[in-house]
Amino acid sequence: MSKPAQKPAPFARADAMLSARGIRKSFSIGDRTLEILHGVHMDLYRGELLALTGTSGAGKSTLLHILGLLDRPSEGTVTIDGVSAWDLSLAQRAQIRNQKIGFVFQFYHLLPELDAIENVLLPAMIHESRGTFSKRRREHVDHARELLATFGLADRDAHRPSQLSGGERQRVALARALFHDPAILIADEPTGNLDSNTGEKVLDLIFREQERRQLSLLLVTHDERLAARCQRQLVMADGMIELDTAIKMPD
Amino acid sequence: MYRWFLSLRYLRARKTNLIGIGGLFVGVAALIMILSIMTGFLEETRMSVRGSLSDIVITPFFGTNPSKKVPIDPAKMLAEVRLDPRVAAATAHLVWYCQVTKVGADAQDMVSLLSNSQIGNLTAVQLVGVDIPDEYSATEFKASLERLPLQGAPVDNVEDPFAIPESMQPNGLERGVIVGEKLYSNLNLRRGNRIKFATFVEDPKRSSQWISQSRDYVVVGTFRSKENEMDMSRVYLDRAELVDFLSSPRYFSEVLVKLKDYKRDGEKLRAEWGGSYDPGSPPGSLGAKELVYGHPSEVKTWEQFRHTLLGAIKNERVLMGIMLSLVLLVAGFTVFAILSMMVTEKRRDIGILTALGATPRGVMTSFLMIAFWDALIGALLGAVVGTWGALEIDGIERWLSSTFGVQIFDRNVYLFDTIPSVVEVVPVALIVLGAFVCAILFAAIPAWNAAKLDPLEALRHE
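So the protein sequences, as listed, match chains A and B.
So the first sequence is numbered by the numbering used here: it starts at 1 and just counts up by one.
So the second sequence is numbered by the numbering used here: it starts at 1001 and just counts up by one.
Quick caveat, the hints were computed from the structure, so don't treat them as lab data.
Using N, Cα and C, we set each Cβ at its ideal position, and we do this for glycine too.
Fair warning: there could be bad hints in the mix.
Just some of the chain A residues that point at chain B, by a computed CB distance under 8 Å [what the hints assert, rightly or not]:
no.	residue
1	65
2	94
3	97
4	98
5	109
6	114
7	122
8	161
9	163
10	196
11	199
12	207
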């Protein structure tokens, strides 16, 4: 059933922050096996702004989750900063998610019981023991306040997500993703749930931070105009990377 | 850190947790109260089972074996027993069974009484000959004389209880007896009434022959022990008088010993005194014959006399505890239901936490900690309120009875007039611990489910 892997398998460049080689993912439905990804190779370079586009059902989300270490590939390797992530222990992978990867989701995914600043502090709470956290509490809170202020939410830090607008929620989510100053930011349709005006503002923020922090940004979108603003674009179709704008394809 | 933080936040944010806390609270409080009252009842029952039994009872063997030295007078045995530093007091009893009948009854009356199938008229009593004041220092007799009678009439002078007051016109030859108050009311007696006791004794002239003996006595008052059986069938009189009435060759039946510290010394002393078994005694005549200060005797602690009943009481308590622990199980179910609901509700949060670097174990711990807080608040509050309720149960019951006009606890049914309740530290601690274990164990299932949740599934949940 499985299709041949996309060719050629590129060698990883020394400055690859995130590399995937031969990623296959299949699901069993009853006695049928459904393959979603057919051996995907891709690289996200340091400080690169990469767009991942494709029609829905092309396997974008599945690939994204595998790259973000949330889902185990059936086959293939994911290397983050030179380390093969799926060979690590559960706790070590959790550590990488916490320290090196920031997530921004389409539906913000803030914890409703926590106010804005507590949501931003979550990565630190997860990373540190109770003792360490209370010792560094002041420092963490200041850092979170600063991030919120940078994103124009200085007076919103005590608000619950339900008291914030969509754009504000996404900015809180961005602050949370950037709390540990990760090397990689994975943004899954970050403006998909926002009106164009608000979405534009959030995007500006993301791009600004990407540039300032030299983030390796993987932006998943189905918006061609948005993808065009990125340095490189990968187009997915039918479980494979069909087009890499950096690679010159013959006509 | 997030485990603490999130569990507390969820606890605060989700009002349904209050049901879990409430369940544990009610369970623990009810369990402590019921168990304390049960313990109180059992303790009271234990005391009434003990009745007037002394710490240790020494029963010398008055066998017919001529080689046995039969102690006639208790003085020597008493003196020796009292020498032991662990002994607080000791006294001697002479006990004999008698038939009560009316004054002036003759052989004809006795025959008609004994041939009557209606047993109601036949009243067998136990005559107990005691020494005042030794009796007072070694047994509860004085307390049972001074206890406020429910159906009887107290004696005039506790210091000389068998004396017949002038008001009863003593003829100088009669002697006084003190009857149990139930017997007093059953026979419809009044103070000053004369009653006849009839019995059989060994003929002092012809060995191995019986003769009947009877004598009239004046009822000078009643006693009220904490034991129904005693109040119904015992009659006290002076030991010397009983010896005289029976023309008894032996002046006592048993020696009753009160110890300074029964719990500490009771079993030890019994073993010491009863340790040397006398192989020379005839088999099967009076159970184990043991030597006490040279006299073949049987030595028993009060618990040995009542070991079947005491065993039953202990069993009852254990069974009761097991049955009542089911209450905690119900509280555990509540915690289980609420947490399961919460895990379903918080699927998305679990996914987010995983994306932010939480491990499945961390997620599981977060949910377990919610149960921990439930137990901490519920069980500790329950322990405090339950203990207070157990200590104040009498007042609470009285208040409830007077407020709602319904009698909840009928004090006439029992021999005690306040609801007994004994709060013990160990059972309370066990109950609290049980609540914790129950809550955590039941929470383990939904917490485990939370940990197993696919973070993607959780994240897609919108």
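Going through the earlier hints one by one, which of them does the structure break, listed in rising order? As far as the earlier hints go, 8, 9, 10, 11, 12 are violated by this structure, in ascending order.
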